[in-house]
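Using the sequences plus the hints, can you model the full thing?
The numbers in full-length UniProt numbering rise by one with no breaks, and the one at position 30 of the sequence shown is 30.
Check the hints yourself; a few may be wrong.
[What the hints assert, rightly or not] Taking lysine-lysine pairs in the DSS-like style, the calculated list, with each CA pair at most 27 Å apart, reads:
id: 1; residue 1: 108; residue 2: 89
id: 2; residue 1: 63; residue 2: 78
id: 3; residue 1: 78; residue 2: 133
id: 4; residue 1: 78; residue 2: 43
id: 5; residue 1: 108; residue 2: 92
id: 6; residue 1: 75; residue 2: 63
id: 7; residue 1: 22; residue 2: 59
id: 8; residue 1: 89; residue 2: 75
id: 9; residue 1: 63; residue 2: 22
id: 10; residue 1: 22; residue 2: 108
id: 11; residue 1: 60; residue 2: 22
id: 12; residue 1: 75; residue 2: 60
id: 13; residue 1: 43; residue 2: 81
[Stated by the list, open to error] For each label pair, taking beta carbons as the anchor points, the in silico distance ranges come out as:
id: 14; residue 1: 41; residue 2: 9; range: 19 to 25 Å
id: 15; residue 1: 143; residue 2: 62; range: 33 to 39 Å
id: 16; residue 1: 40; residue 2: 103; range: 34 to 40 Å
id: 17; residue 1: 98; residue 2: 135; range: 37 to 43 Å
id: 18; residue 1: 83; residue 2: 56; range: 23 to 29 Å
id: 19; residue 1: 114; residue 2: 74; range: 39 to 45 Å
id: 20; residue 1: 135; residue 2: 107; range: 45 to 51 Å
id: 21; residue 1: 47; residue 2: 140; range: 18 to 24 Å
id: 22; residue 1: 126; residue 2: 90; range: 18 to 24 Å
Worth flagging that the hints you see were computed from the coordinates, not collected in a lab. Computed from a prediction, not measured in an experiment: that's the story for all the values here. Every residue, glycine too, gets a C-beta built ideally from N, C-alpha and C.
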Amino acid sequence: MLLNRTDVTGYISRINGHMNEKGTASQIYFDLQVPRYAPYLNKRVYDVIQCLISTALDKKTHKPLYPLYGHFAGKCIKNQKIRVEGVMKGYKETLVDGSWYRDVPQEKQDETERYYRITNQLEVTGFEILETKEVVEERMSRFEQQSETDIKLNETNDINPLFGEAIGQRYQPYEVME
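Pasting the structure below:
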């Protein structure tokens, strides 16, 4: 596993949550779209970074014990601009029977053909909200009024098994291991 401390500013494009079966730990995943200028394309493009905030839960109340988790869940919404600090971790994943695994299950160990990829994940240690919910809602309503064309994302059917599905749909929540 490679570690790299980073500080990045971008827009939240998707938020997803996951709790383990015992109800003792929970995770929030979100995609952060980071704009940058690509001179060879002569336009602005977005890099997508998968971010993670995980916490243990109180056994009786099932409330998060890590205050950053609750603060993010209560204050952040999709399309909001935030600055995120954290540790970038790289994971080696293996493709077995059409699913990507960080740890291949015992019953699937005998597969002969394997594909590998490295996925990066930013484990969040702090964040700063740069836009309020009202500003985001106002910007999105203005955008909807101005746009007359329908924008369709992630509806491609040609999926490359080496690189996963279309961008923004490229990961599934992982189980929290105790």
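Now the hints, each set against the structure:
1. 108 with 89: 25 Å, holds
2. 63 with 78: 23 Å, holds
3. 78 with 133: Since the Cα atoms of residue 78 and residue 133 sit roughly 9 Å apart, the hinted pair holds (cutoff 27 Å).
4. 78 with 43: 24 Å, holds
5. 108 with 92: 17 Å, holds
6. 75 with 63: Holds, at roughly 16 Å.
7. 22 with 59: Within the cut-off at roughly 9 Å; holds.
8. 89 with 75: 25 Å, holds
9. 63 with 22: Answer holds: residue 63 to residue 22 is near 13 Å, not above 27 Å.
10. 22 with 108: Distance ~25 Å between residue 22 and residue 108 Cα, so the pair holds.
11. 60 with 22: 12 Å, holds
12. 75 with 60: 24 Å, holds
13. 43 with 81: 20 Å, holds
14. 41 with 9: 19 to 25 Å: 21 Å, holds
15. 143 with 62: 33 to 39 Å: This hint holds: roughly 37 Å between Cβ atoms.
16. 40 with 103: 34 to 40 Å: Holds, since residue 40 and residue 103 (Cβ atoms, about 38 Å apart) stay within the stated range.
17. 98 with 135: 37 to 43 Å: 41 Å, holds
18. 83 with 56: 23 to 29 Å: 26 Å, holds
19. 114 with 74: 39 to 45 Å: Once the Cβ atoms are compared, 42 Å apart, the range 39 to 45 Å for residue 74 and residue 114 holds.
20. 135 with 107: 45 to 51 Å: Holds - the Cβ-Cβ distance for residue 135 and residue 107, about 50 Å, lies within 45 to 51 Å.
21. 47 with 140: 18 to 24 Å: Cβ of residue 47 to Cβ of residue 140: about 22 Å, so the range 18 to 24 Å holds.
22. 126 with 90: 18 to 24 Å: Taking Cβ atoms as reference, residue 126 and residue 90 lie about 21 Å apart, which means the hint holds.
Hint violations for this structure: none, all hints satisfied.
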